[in-house]
Amino acid sequence: MTVKVRFFARFRELLGTDILTEPEKEESLIALVRNIARKNKEGYDALFDEHGRFREFVIVMRNGKRIEHEDAQAIRVADGDEIAVFPPVAGG
Amino acid sequence: MIRVQTEDVDIGALVAAAKQPGTGAVVVFDGIVRDDDITEMELEAYGDVAVAEMEKIATEATQQFRLLHVDIIHRIGLLSIGENILIIIVSAGHRPEAYAGSRYIIEELKKRVPVWKKELTRDGGRWVPGEHGHGAGKPRH
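Protein chains in written order, with my numbering: chain A, 6 to 97; chain B, 16 to 156.
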């Protein structure tokens, strides 16, 4: 099973992007992102609070659809999923 | 034309193409890199999602303001001071709809479309902060 994780903007600078990972069976979305983010403390701290929850402003998408933070624990990633994590948008 | 791209566009050609039958007004919004003591601006997008969200916004604006034509081109990559960042061109039968439609598109784009800007300076760079709590639309149930 392969899942792609994409970080954008400041999160990309801290953690990289287009990361292909092979998660554990039944791994939750938030656990998957935590495991990747642990490679860089500054990156981890940018995404998660002291309880390991996504910070309020962090936006998470699964296959192009935004998901709520409280669902990130219950959602199990699936083969071929694309998870995107990014800060508030600032285009225009 | 709804696009995220590195290349600039020919605004004059887009205005000409926007003059559909029944057009009484064309409004052009051209957002450019401002000289805020920066050297360049770097833009980044979540490409497919950005284009999909821009297409939704264009459809909403067309329906709400009876627009006849919409172009939204958001540039990415490294841009110099004075370069175009975002071009929005709308046409409508009358100016109130054209102005309102253009305004709707830029305001929704700033809230919902996953694009980020980094201002590059001689000392490094700084990401332009997005509006807290917004981004890429509300969660969909």
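No lab work stands behind these hints: they were computed from the structure.
There may be inaccurate statements among the hints.
Which chain B residues face chain A? A few, computed with CB under 8 Å, are given here [to be verified]: (1) GLY46; (2) VAL48; (3) LYS132; (4) LEU135.
Taking lysine-lysine and the DSSO-like style, the derived pairs with C-alpha atoms no more than 27 Å apart in a straight line are [claimed, not checked]: (5) LYS70/A to LYS34/B; (6) LYS44/A to LYS30/A; (7) LYS9/A to LYS70/A; (8) LYS30/A to LYS46/A; (9) LYS9/A to LYS44/A; (10) LYS71/B to LYS34/B; (11) LYS70/A to LYS71/B; (12) LYS9/A to LYS34/B; (13) LYS46/A to LYS9/A.
We put the beta carbon where it would ideally sit given N, CA and C, even for glycine.
Taking the earlier hints as the rules, which of them does this structure contradict? 2, 4, 5, 12
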